[in-house]
Structure formats: C-alpha cells, structure tokens
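Hey, can you work out the whole structure from these sequences and the hints?
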Amino acid sequence: MSQPRLETMIGRISMKNPVMVASGTFGYGPEYAEFIDVEQLGALVVKGVSVEPWEGNRTPRMVEVPGGLVNAIGLQNPGFNGFMKTYMPFLRTLTVPVIVNIWGRTLEEYGQIAALFEKADGVAGLELNVSCPNIKEGGIAFGTDPLMLERVVDLVRKQTTRTLIVKLSPNVTRIADFARMAEAGGADALSLMNTYPAMVIDIETRRPVLANVTGGLSGPAIHPIAVKLVYEAAKAVKIPIIGMGGIREAAEAIEFLIAGARAVAVGTANFTDPATALRVADGIQAYLVRKKLASVSELVGTVKVGS
Amino acid sequence: MEHGTTGRLEEARVLGQDPVGEDYRRLVLHVPGIAAAALPGQFVHLRVPGLDDRVLRRPFSIYRVKGDELLLLYKTVGTGTRAMNALKAGDALSVMGPLGRGFPLDRPDSVPLLVGGGYGAAPLSFLAERLAGPGVVFLGGRRAADVLCLDDFKRLGWEAKIATEDGSLGEKGLVTGVLDRWLDARPAGAPAGEIYACGPDGLLKALAGRAKDRGLTAWLSMDRHMGCGAGVCLACVIRVKRPDGNGGEIWARVCKEGPVFESRELVWEGAAS
Numbered sequence: 001m002s003q004p005r006l007e008t009m010i011g012r013i014s015m016k017n018p019v020m021v022a023s024g025t026f027g028y029g030p031e032y033a034e035f036i037d038v039e040q041l042g043a044l045v046v047k048g049v050s051v052e053p054w055e056g057n058r059t060p061r062m063v064e065v066p067g068g069l070v071n072a073i074g075l076q077n078p079g080f081n082g083f084m085k086t087y088m089p090f091l092r093t094l095t096v097p098v099i100v101n102i103w104g105r106t107l108e109e110y111g112q113i114a115a116l117f118e119k120a121d122g123v124a125g126l127e128l129n130v131s132c133p134n135i136k137e138g139g140i141a142f143g144t145d146p147l148m149l150e151r152v153v154d155l156v157r158k159q160t161t162r163t164l165i166v167k168l169s170p171n172v173t174r175i176a177d178f179a180r181m182a183e184a185g186g187a188d189a190l191s192l193m194n195t196y197p198a199m200v201i202d203i204e205t206r207r208p209v210l211a212n213v214t215g216g217l218s219g220p221a222i223h224p225i226a227v228k229l230v231y232e233a234a235k236a237v238k239i240p241i242i243g244m245g246g247i248r249e250a251a252e253a254i255e256f257l258i259a260g261a262r263a264v265a266v267g268t269a270n271f272t273d274p275a276t277a278l279r280v281a282d283g284i285q286a287y288l289v290r291k292k293l294a295s296v297s298e299l300v301g302t303v304k305v306g307s
Numbered sequence: 001m002e003h004g005t006t007g008r009l010e011e012a013r014v015l016g017q018d019p020v021g022e023d024y025r026r027l028v029l030h031v032p033g034i035a036a037a038a039l040p041g042q043f044v045h046l047r048v049p050g051l052d053d054r055v056l057r058r059p060f061s062i063y064r065v066k067g068d069e070l071l072l073l074y075k076t077v078g079t080g081t082r083a084m085n086a087l088k089a090g091d092a093l094s095v096m097g098p099l100g101r102g103f104p105l106d107r108p109d110s111v112p113l114l115v116g117g118g119y120g121a122a123p124l125s126f127l128a129e130r131l132a133g134p135g136v137v138f139l140g141g142r143r144a145a146d147v148l149c150l151d152d153f154k155r156l157g158w159e160a161k162i163a164t165e166d167g168s169l170g171e172k173g174l175v176t177g178v179l180d181r182w183l184d185a186r187p188a189g190a191p192a193g194e195i196y197a198c199g200p201d202g203l204l205k206a207l208a209g210r211a212k213d214r215g216l217t218a219w220l221s222m223d224r225h226m227g228c229g230a231g232v233c234l235a236c237v238i239r240v241k242r243p244d245g246n247g248g249e250i251w252a253r254v255c256k257e258g259p260v261f262e263s264r265e266l267v268w269e270g271a272a273s
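First to last, the protein sequences are chains A and B. Under the working numbering, the residues of the first sequence are numbered 1 to 307, in order. Under the working numbering, the residues of the second sequence are numbered 1 to 273, in order.
No lab work stands behind these hints, which were simulated from the structure alone. Keep in mind it's a predicted model, so treat the numbers as computed, not measured. Hints are not guaranteed to be accurate.
[As the list claims (entries may be wrong)] One side of the interface only, derived from the structure: several residues of chain A facing chain B at Cβ under 8 Å:
(1) P66
(2) L69
(3) T205
(4) F271
Think of the CB as a built atom: it goes at the ideal place given N, C-alpha and C, for glycine as much as any other residue.
Structure representation (structure tokens):
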C-alpha cells in the first residue's frame, strides 16, 4: 500500500505535512535550525512583527507551572526593518512556507504592517495576532469584540494578497461568532488558540511572579480547551482551521484534526524538544497507516458526536 | 568576538553521579558531540527524565570535559535538580548544547583572575583547564562545604585564595575582600589582571563595580531563569548598553548573547555602575 498523503492546504499555502510551529515558540527561523531540519516542517511561523521595534515587558516574563507555562513577553520584536535585515535573508533560503505573525497597537498599524509585507518576497502568509493578552495598547480589544475583529480583518485583507490567517483568542463566550466574523472579514484561515489569560502569585512575597502581573497560559494544560474551540469553530465556518494548544505528541495533533482542523501547530513543546513538530508529523503518518486512511483530509472533521 | 559554537540536540547516556559534600552532586554524561564542541562558560540544556508535567528544560553550566564525557556540578535546589538525583548509570537523557557565548580564551597579555561563588566555581574549573597559563582563583562560599573545585585548580598549579562567610575555610568574609587585598598588594607595573567570574548576582554586581573603579576588564557569567535556551522565547533577557555606543539600553538574551558578558556592557537594575 502506498504511503498516506500528508499534504494539506491552508489558503493558497501548500504544506507537505499538516504540522507547523506556533508563533513566538520558534523565533524567526535560524535559532532552532542549529538543532533540527526546519525544511521538514509543514510551515514555519515566525514571532510577531510590528511596524516599529518593540521592547516588550519587564522581567520576569515567564514562569513554569504544572502542565505548561505562563508568559508575558510582551511582543518584543525588531520591527519590520530589523526583521527584514536580520532574518529575511535566512528565511529566503528555505523552501518551507514562511508565515509571518503580525500585530499592531492601532487599526492603522495593522494596515501598515500588512502593506509592508505585501512588498516582501519569501513570505507565503500572514498570521494576524488579534488576541495576544499582553499588550494593553490594543490586542485584547480587537480579539474580544466581534465588530472590531471584522474591522481589523477587513482592513488587513485590503492590504494583502497573501494567505491571511487570523489567530483567535480563547477568552470569548462564543468562539463561533468570532470565527464567522473573521471569515466575513476575508480571512483565508483561522488559528486556534492563543494563550489563555492566567496569573501566578508568589505566596511568600504575595507578589505576582510576572512583572506584567498577568500572562498567557500555554502547554498541555490548555489542550482540551483548544480542542473544544476548534470543534466549535469548525462547525461555524468553511475556511480551514489550524489547531494549536498543548501538542506534545502526535495523539494531541490527531485530536485537533478529528475535531475539524486542517493543520496543527506545535508551540510550547518546542522548548521541551525542538524536534517535536517532526516527530508529530511522523506520528500522524503512522496513525493514518494504522487506520488505513489514504490522506489527512480523510481524517479532518470526522469526530463522531451523538449516536 | 565569538566565544560560542554551534549547538546540537544529542541523546546522552548517564555514566554515573556522586555526591560532592552534602549539597552538591557531580553528574557524568557520555555525550561525545557536545563534549567535543564545548567551550568554557557555555551551558547545556537538559530534559530531565521523570518531570512529565514540566515543559521546560533545565540549564547547567559545563563543569568539565573529559574526552567524550561532560561533567556537571549541581546543587539540589528545586523540582528539576531533585529529579536529577534519581539519574543513574545507563539512563538516557536529551541534551541541547553547547549553548551561548562563553569566556574569552584569547587574552594572553593579562593575568587571569577567576572569581567563583559556590557552584559558580564549576565553569571556572573548565576555564582554568583551557587557559594558556595559570593565574589566581578566588573562591567564596557561605561555609567550607560551599567552596568547590579547589582540587581541580590545585592540580593545574593555580594559586587559590579562599573566603567563607563563617570562617570555616580560608579568610572569614566575602571573596571580594580577598580579591581587593590581592589587587592592592599588586606591585606597580605588574601585568594587569582580568576578571572571569561566575556566582550569585550580588557577587557579579560587586565585581562590576570593582572593575569600573580599578579600570579592569571583567567577564561575568550571568544566571537568569531560562525558557528555551536557544534565543527563541526571550524570557532570560537582561538590560545592556546599546553596542553602537550612541547611548540607551536594549535587551540581550542571556542564553544567546551571554551567559558571559563584559561588565561594561551590563546595566544593573537600580544602579549606575
């Protein structure tokens, strides 16, 4: 029997396997290239880039908790020019599709950063961060207000011909509403989910551990939350969904696919093992063989609910 | 100036571990690729077995390299190091390394002055092995049991100066006091000393102040809570002066631009040193 087909499409991006890496957990590309063959990824999603350089939050910025970590890095990044100069030459040498995560503090900045990348060669897609819980100047408002979400997606859509992925916040009452609004605004795909708002207190000093007071929880602890959101969003929209949150092994990725995701992303587990995404892709292949399925698409959205 | 090498992911085999006094342990790993590439001051990032609900690796400075073997010297202080106590010969564990930028090895015109606090002595032992000629090592700790690696330095023919806070070994007091008196007694015209240090933040900050006051160069190995260890997560950042010399500060990643910094690069919180 021939090998099952792992190829999947996200917008106009053709991926050789459905496993990408999540923004903020893989740097800008070259960092983990010392340790693994990044060409074997389904796609490489780089850390968020804004129009101007951004300092991010004070330290401490990260704290480990059982089942994950809470971070409040605060979107530190070198800005568009710094990114293009420092990292784009390396990224252009790759054949793996490169997706750039973008964000802005205002509606105008979202439009500007999308327009800047429209002229950049070597970028297959943009992932719109409307949900980072760490920046007071914007993020949260776009991601948790359906009308603002549609406005920002519509604005960015008008600035870019690249595949546009909208990364949704889990911190909403009905994810289906936000999924539909992003689709209506012109998104080619959705990624679900960003970190979940969280807080850790040092009981000796009674102070928050993070300098930013609160942060976002990621890792295995959030995986079942993310599966539920993917399941609900997949029922609400026709555009493909990228499932992410707590993937360590192929089993968690396969859950996302069954729930309705067309692709998945490995995040926090990159810190545990930079080769996680490659191992997960192999594991999905083995699962398809074992279940006698010819392709990933035969698995997507096949969750059996009810009798 | 580059004092780093390319890192890799390697499956290590534990050859054994043994106690060093009451609180410390020496872990020996068979990990040929990383051992061959390791430089003094660099570190490795371990995935500690048995910590299934933990997502982060644990960083350790490299104590010594012997052929294909890498030695680590660690103190049991938390979840990760407690789990490491259970490692035994034959166990496998994933190691990332060697990581970061270590100490410079190309400074022949100065006398190396190594200053270690507690297990900060470990990477200095590796450094002493790789430096061209002997210098002076200054070791400090709370009590005699916290003064580590003394035999390593003696074997290499280094002069060792000791201070303990309780006076149980060497002079009673802080290691910086011993260093001060040594520097004060130095004859005029003698070759300049250059400081290489690893230890608690208070010690490193004090050394940065001494370096500034006395016009010395000091290489300080910084320790910050680390996430990825590979320059990705931006958790371990510290403030440094802009390298272009135009004033202002930027973040530097301890895991990538460090852990060793020249003291004049660093901006200390709440101090102008």
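The hints, checked one at a time:
With a cut of 8 Å, the hint placing P66 (chain A) at the interface with chain B holds, because the nearest CB-to-CB distance is about 5 Å. For L69 (chain A), the interface hint holds, the least distance from its beta-carbon to any beta-carbon of chain B being 6 Å, beneath 8 Å. A hinted interface residue such as T205 (chain A) counts as satisfied when its beta carbon comes closer than 8 Å to some beta carbon of chain B; here the least separation is about 16 Å, so the hint is violated. Interface restraint check: F271 (chain A) against chain B, minimum CB-CB distance 5 Å, threshold 8 Å, status holds.
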